[in-house]
Amino acid sequence: MARTLRRLTPAQGALPIIVLWALPLAASVLMLLPAIAEPDAWRQLQSHPQLWSALVLSLATGGGASVLALLMSVLVLAGLDRSRALPQLQALAAAGLALPHLAFAIGFGFLIMPTGLIARLIEGGTTPPPWVTVQDPWGLSLMLALALKELPFLLIAALAALARGDGTGRLTQERRVAASLGHGAGSVWLRVVLPQLLPSLRWPLVIVFVYGATVVDMALVLGPTQPPTLAVVIWHALNHADATVNGMGLAMTLVLTSVLAALVATTLLLLQVTLPRLRHWLCAGPSLLAAPRGMAVVTGTIAGLLMLAAILLLALLSVTPRWPYPALMPPAVTFAAWTTLGSSAAPLWLSLLLAAMTALVALGLALLWFETQPEGRDRWLIGLALATLALPQLAVAGGQYRLFLGLGLTGTLPGLFLAHLTPVAAYVLIILQGPYRAFDSRYMMAARSLSVPASTAWLQVKLSLLRAPVLTAAAIGFAVSMAQFVPAQLIAAGRYSTLPMEAVTLSAGGNRPLTAAFALCLAAPPLAAFLAASLLGRPRWR
Amino acid sequence: METTGMTFTLTRRGLIQLLAATPLAGRARAGEAWDGIVAEARGQTVYFNAWAGSPQINAYIAWVGEALQRRHDITLEHVKLADTAEAVRRVRDEVTAGRAGSADLLWINGENFRVLKAEKLLFGPFAEDLPNFALVDVAGKPTTRIDFAEATAGLESPWGMAQLTFFADGAKLPTPPLSMPELLELARSAPGRITYPAPPDFHGTTFIKQALAETMADRALLPVQIGRQAFTEAAKPLFEFLDALHPELWRNGKQFPQTQAQMTQMLADGELLVGLTFNPNEPANLVATGTLPSSTIAWQNRGGTIGNTHFVAIPINSTARQAAQVTANFLLSPEAQARKADLAIWGDPTVLDMAKLTPEDRALFTSAAAPGSVTQPAPAIPEPHGSWVPLIEAAWLERYGA
Amino acid sequence: MALSLEEVSIRLDGHTLIKPFTMRLEKGVIVTLMGPSGSGKSTLLSFIAGDLTAPFNATGAVTLDGRNLDGLPPEKRRIGRLFQDDLLFPHMSVAENLLFGMPRGQQQARHAAMTAALAEAGLAGFAERPPHTLSGGQRARVALLRSLLASPGAMLLDEPFNKLDADLRAGLRDFVFRHIAARDIPCLMVTHDRADVPPGGRLLLLGRGEVRDA
Chain A
1 MARTLRRLTP
11 AQGALPIIVL
21 WALPLAASVL
31 MLLPAIAEPD
41 AWRQLQSHPQ
51 LWSALVLSLA
61 TGGGASVLAL
71 LMSVLVLAGL
81 DRSRALPQLQ
91 ALAAAGLALP
101 HLAFAIGFGF
111 LIMPTGLIAR
121 LIEGGTTPPP
131 WVTVQDPWGL
141 SLMLALALKE
151 LPFLLIAALA
161 ALARGDGTGR
171 LTQERRVAAS
181 LGHGAGSVWL
191 RVVLPQLLPS
201 LRWPLVIVFV
211 YGATVVDMAL
221 VLGPTQPPTL
231 AVVIWHALNH
241 ADATVNGMGL
251 AMTLVLTSVL
261 AALVATTLLL
271 LQVTLPRLRH
281 WLCAGPSLLA
291 APRGMAVVTG
301 TIAGLLMLAA
311 ILLLALLSVT
321 PRWPYPALMP
331 PAVTFAAWTT
341 LGSSAAPLWL
351 SLLLAAMTAL
361 VALGLALLWF
371 ETQPEGRDRW
381 LIGLALATLA
391 LPQLAVAGGQ
401 YRLFLGLGLT
411 GTLPGLFLAH
421 LTPVAAYVLI
431 ILQGPYRAFD
441 SRYMMAARSL
451 SVPASTAWLQ
461 VKLSLLRAPV
471 LTAAAIGFAV
481 SMAQFVPAQL
491 IAAGRYSTLP
501 MEAVTLSAGG
511 NRPLTAAFAL
521 CLAAPPLAAF
531 LAASLLGRPR
541 WR
Chain B
1001 METTGMTFTL
1011 TRRGLIQLLA
1021 ATPLAGRARA
1031 GEAWDGIVAE
1041 ARGQTVYFNA
1051 WAGSPQINAY
1061 IAWVGEALQR
1071 RHDITLEHVK
1081 LADTAEAVRR
1091 VRDEVTAGRA
1101 GSADLLWING
1111 ENFRVLKAEK
1121 LLFGPFAEDL
1131 PNFALVDVAG
1141 KPTTRIDFAE
1151 ATAGLESPWG
1161 MAQLTFFADG
1171 AKLPTPPLSM
1181 PELLELARSA
1191 PGRITYPAPP
1201 DFHGTTFIKQ
1211 ALAETMADRA
1221 LLPVQIGRQA
1231 FTEAAKPLFE
1241 FLDALHPELW
1251 RNGKQFPQTQ
1261 AQMTQMLADG
1271 ELLVGLTFNP
1281 NEPANLVATG
1291 TLPSSTIAWQ
1301 NRGGTIGNTH
1311 FVAIPINSTA
1321 RQAAQVTANF
1331 LLSPEAQARK
1341 ADLAIWGDPT
1351 VLDMAKLTPE
1361 DRALFTSAAA
1371 PGSVTQPAPA
1381 IPEPHGSWVP
1391 LIEAAWLERY
1401 GA
Chain C
2001 MALSLEEVSI
2011 RLDGHTLIKP
2021 FTMRLEKGVI
2031 VTLMGPSGSG
2041 KSTLLSFIAG
2051 DLTAPFNATG
2061 AVTLDGRNLD
2071 GLPPEKRRIG
2081 RLFQDDLLFP
2091 HMSVAENLLF
2101 GMPRGQQQAR
2111 HAAMTAALAE
2121 AGLAGFAERP
2131 PHTLSGGQRA
2141 RVALLRSLLA
2151 SPGAMLLDEP
2161 FNKLDADLRA
2171 GLRDFVFRHI
2181 AARDIPCLMV
2191 THDRADVPPG
2201 GRLLLLGRGE
2211 VRDA
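Chains as they are written, first to last, in this note's numbering: chain A, 1 to 542; chain B, 1001 to 1402; chain C, 2001 to 2214.
These are computed hints drawn from the structure, not numbers from a lab.
Have a look at the derived ranges for each label pair, beta carbon to beta carbon:
(1) Phe1365(B) <-> Gln46(A): 48 to 56 Å
(2) Leu271(A) <-> Thr1096(B): 39 to 47 Å
(3) Lys1172(B) <-> Val333(A): 22 to 30 Å
(4) Lys1254(B) <-> Leu2072(C): 52 to 60 Å
(5) Arg2212(C) <-> Asp440(A): 34 to 42 Å
(6) Thr274(A) <-> Lys1172(B): 53 to 61 Å
(7) Lys1172(B) <-> Val67(A): 38 to 46 Å
In silico negatives: residues of chain C with every beta carbon more than 10 Å from chain A:
(8) Ala2061
(9) Ala2119
(10) Asp2167
(11) Pro2199
Built from N, CA and C at the ideal position, the CB exists for glycine as well.
Modelling step: build the complete structure from the supplied sequences, incorporating the hints.
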């Protein structure tokens, strides 16, 4: 077995991931193209009165959320650099990541809306204050919620990147040197750590931006309606029964994706141009700028508290059929929602099974690729993965559905598995690529020079040292799989039901306790996965 | 309601009526054919694609499944949908790809039905051959044969009635507005507490249709196909009304809730004064589950509110057509209809004519009032012709959308 | 400008690594500290530099030019450090690395000083090069220049020549000692190679917790 692993050619290592992931993905996107060629669709698009305003809104909320999340991450990381709180930060970030977006949106919404908890605490009275919080016309509450929800993701990506640097102790030494040259901890972080960190954050930031601009469920709960974000307009159009309207939705998807790609390219280009100017600031001389520990703790605490509040509110909402303004406590408690949830045991097990399997398989495919392919080929795969995450799910899933329909895979478990594998593998690849490639191969050479068989060395040295990123990637893959609704719904084609499918269909009826109960149920397994990953991934010594 | 604009469908209906009027021999043959269908249906599985947003409705469908299993050895699988359009797209895609159907029975009406019918994706006609169809109140409830001014042509079998209904907390709103002008007055006296969902949510579109019906000069235009010019003319009073209404609405009419479900939640939380729904018994249901207080009142506008029927239909590529027909027939049975109309179970009004039922069957239909039920039902205004809807939505979007 | 250590003792988990000792390093003098691995040499340097971390702790006072450095963070101590690795910041060019620690001031003056230092070190023209394109010896020289251009009050060298081969070692040694002597600041160097001791330089031996002159 060890010998076969060693003798795998690059072609053999690449084949599984290409067959199971890359090809179906590319084919799915191609399946959409004929629909875009409908002239009727483009005519309808041009006459849609909300197209441009919705587009601007999407870009503003996505961009604003990314910038805000980045600023908060920088603040937290700079403030807590080299502090003993870092592992706790990682655990908290993992918990934040595990919370499904919709769950957070509902809880956060209930916190800030005019009939929400904050209003009840501050204003009271018999009628709710005319606050413009959720569904505000500028998308600010959506932006804030997005930024808060993406903060853990950026933190984990940054911590993973920093961990590799620190693995060899180099960054610590560099910090020492910089301090000896007269730079305060804050200046050291901004001038020495951050510039080396930013390249690793490039793609996570792109993902955050694209997600923010294309998210549907959070926009439905918190975003404005006239106009809504373009993602919501697309969602309505793609959900329509009329095929021409569907085509218009696809055309809009093309517009949105092109604009996003253009913006990302432009930003990267602009950064290339302006960064040299910043060099001057880099070497302007020592600055005693201290680490913003206080602000970091405050920011982190507020973000953490908001997430915690969202979860607690969800728990309360799940047992409260009615909670009218201005009551501070729920007037009556009933577990009807949880009883209904109990009857959804089969979908829960199916979701768990799919999540575990896709995470493991994705991990296997990724490892197989990284072990057998030269690093240069990575960008094709990562590019494809980013493209997957950049397109609205409904569009990719729609193409995938047509492909699977032709192949007879709809309504089958293998088809459902493949549909879940698509986004999971994308995330696993993106998360794992950096840390895996940065692994110092000399460790393996050292092990093998000790006459240790290659597979043993691989397991006990490489995989062992890479435990944290591998487990994190697996946990993220697991969480992503648990949250999949659109691909699952399309490919299941009415034959299977997963937990998110049950949750969304029931939430369509507006039953808040039920929605909250399902949201919590959807949050629990990923949370457990992340906890397991952070516990098992802890380094043996600090 | 046979109107002059329906000549092309009259012939079809006429044909069906002709068939129904064949002498007893024909009847007997029809009876044998039905027995054959029931026999073939044994052991089949029906995938019933139905909106599953309400646990009560889901529980009712589960009961239907049990009954079918016991009596006809049919397995009913409830495929839960968040939106019927999912199933429409799926049927279309499957037929295009030449695949067998994943759906055998669809809970459907309106636009979704029109699309499937136009693209010839439905099996049938079958509805009027169902034995229990004879009990349907086609005279008193014309919408059982005309779906959004589109003839069902036997391609869908009626299941229940829907009618636009408003509701509120009676403690906060003792005298509800019984017309659109009265609603405007209420909005003026309580600014920011009234709203409606934004189109293309169909509740929002229905609210606008109601306003249209109440403000337009000539209501006879509604069941008829309309073009853009005529629409702009006819909708002038509607938009005058909405222009007057919007500044008094929640968020000054600049933002609207995304869905009716969200509106209901805002009403329950106390942000809004009035909610709306298409199921006249939804307010009573919500009181029963504790979502709304027991002081909730429900009403329909004095002059009538938009109402329609919802149906079940069979996709053309279904592999369990016989069982689907047996299911549709069972759904029309007095037993199933009575249980459906029971406020404690679902509360969806029946499509059957009480006069056509036996006294025992009639007794099954208890009409117990419950907190939140409509005390004074108003007549149902039939849905306008399908061509109105895209024009309404586009015009609304144009004026208020961006 | 002397660096004094008074009754300095380093402890690790309750076990005394270095017993209390007092020492004075005069300006312009390079004092070498040698001792077996694990005896605490690098830890002592960390303490003097100001970033001693758990599980180590220390007692005693460090004064530079009469100023007690107790409680001051490393960036305020003005004590330069060289490590085994050159630790040139990979995201900055040679010039930017050199300017990084140079006190703030007029643009032109700083650049002139930087260029002069490079020229004097035989590295003229290397200003815009990224560090990874330089050889080991060149990088080591740039690292020293970087520390000295920051105008430190004292220098700590932690086995700075370890990674270089014998030929480079001798050359770099002279380079380092010459420049430090020119700055007239005290310097404490830790090494395990006797050949690194400057001729006539003071040598301290750290063994079994005790610091004593050789």
